[in-house]
Amino acid sequence: MKLKMTFLLGGIGLLLIILALILFSRIKTISTIKKVEGDLYRVEYTADYKLDELLTSDIDSVNELEKQLSKKLFFGYPIKTKEDLFGCSAFSAVTPGGKHLVGRNFDYAKGGAILVHTKPKKGFASYSMVSLAHLGVAKEQNTMPETLQGKLAILAAPYGSVDGMNEKGLSVSVLELQTEPTKQNNGKTPIITTLAVRMLLDKAASTEEAVMLLKKYDMNSSAGKPYHFFISDKSGKSVIVDWAKQKMTVLPTQLATNFQLSQGEDYHVGIGHDRYDTLEKTLNQNNDRLTAAEAMKLLEKVKITWNGEWQTEWSVVYHLDNFSVDLVTDMNYKKIHHFSGQSK
1 MKLKMTFLLG GIGLLLIILA LILFSRIKTI STIKKVEGDL YRVEYTADYK LDELLTSDID
61 SVNELEKQLS KKLFFGYPIK TKEDLFGCSA FSAVTPGGKH LVGRNFDYAK GGAILVHTKP
121 KKGFASYSMV SLAHLGVAKE QNTMPETLQG KLAILAAPYG SVDGMNEKGL SVSVLELQTE
181 PTKQNNGKTP IITTLAVRML LDKAASTEEA VMLLKKYDMN SSAGKPYHFF ISDKSGKSVI
241 VDWAKQKMTV LPTQLATNFQ LSQGEDYHVG IGHDRYDTLE KTLNQNNDRL TAAEAMKLLE
301 KVKITWNGEW QTEWSVVYHL DNFSVDLVTD MNYKKIHHFS GQSK
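Sequential numbering from 1 applies to the sequence shown in the UniProt record's numbering.
Please note that a few of the clues may not be correct.
[To be verified] Calculated pairs, DMTMM-like style, for lysine to aspartate or glutamate (alpha carbon to alpha carbon, straight line, at most 25 angstroms): (1) 121 <-> 140; (2) 225 <-> 309; (3) 168 <-> 309; (4) 216 <-> 167; (5) 216 <-> 52; (6) 122 <-> 140; (7) 215 <-> 53; (8) 168 <-> 277.
Don't read these hints as lab results, they were simulated from the structure.
Using the sequences plus the hints, can you model the full thing?
Okay, here's the thing in structure tokens:
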């Protein structure tokens with residue numbers, strides 16, 4: 001009896017230690033949330049966000065992702081994310097010194113943003129951008145990151161990323177389309193848009209590896225909207241991936257906005273043709289060579305001022321060769337924030 005009691009107490013003690021370690025890593029992550037300026041924040045995400053478990057959890061909808069995050073990150077506490085329409089622009093370029101850049105505008109309803117720096121034990125370090133509104137964090141609900149509710153919501157931030165880059169020099173940007181939502185059913189493991197972005201940032205070292213990873217899954221659009229992925233790496237290889245008519249298509253390109261680029265019934269259906277033309281003209285005039293400052297100027301050229309639905313929430317230039325980020329929020333192009341990690 002005494003031996004059984006000893007085993008029981010030992011088991012309880014071990015569980016308490018494991019629970020304490022889990023809580024410590026999450027508290028440590030929350031403690032790193034800092035305001036950069038205005039509604040822009042940053043976080044050093046050190047907690048385990050259970051990517052490998054989520055990738056095998058048959059997540060085919062945002063609701064299912066919320067359920068799994070509730071179970072794996074929030075001890076069963078229900079969470080709710082949000083996603084509305086957005087319009088974006090992205091391009092790749094090479095500096096005069098031969099370094100590779102990706103420029104990206106994220107156009108969305110007015111709200112805050114957070115730069116997420118992750119360093120997973122089993123994966124690549126990355127920077128990614130997340131709209132606070134996607135996490136249910138907003139001034140209107142009194143849930144900004146200064147509040148406890150806002151801090152806890154940011155624990156889901158790795159799965160709200162809509163663009164980013166990793167230490168290997170791979171960049172991914174999600175851009176909305178105006179065609180039918182993607183819901184593949186080919187007998188493969190299902191995945192949704194933002195979970196796929198996190199997978200690529202953590203696990204793909206090149207554009208080729210990113211495409212190979214995506215081919216292993218049945219893609220399902222987040223929030224019932226269609227998207228395509230602009231993927232680029234430091235070798236200079238850039239592609240757009242879409243799932244038009246439920247078939248994955250990979251097309252080499254250096255730029256994208258919000259209309260379909262792959263051939264087919266919906267070729268060129270969508271919006272952002274004017275932004276695309278501006279990007280294409282500027283890149284052609286400069287033989288695809290731009291400095292980082294010129295890349296940011298080009299993003300400013302194609303910004304969207306408030307049109308009743310959205311505006312340019314952030315403009316970001318990813319330096320793929322040295323794992324650093326130039327970031328502007330709320331179209332304040334006179335103030336560029338710079339963040340740098342250690343690439344390897």
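* Asked: Among the hints numbered above, which are violated by the structure, and what are their numbers in rising order?
  -> Going through the list in order, the structure violates hints 1, 3, 6 and 8 and respects the others.
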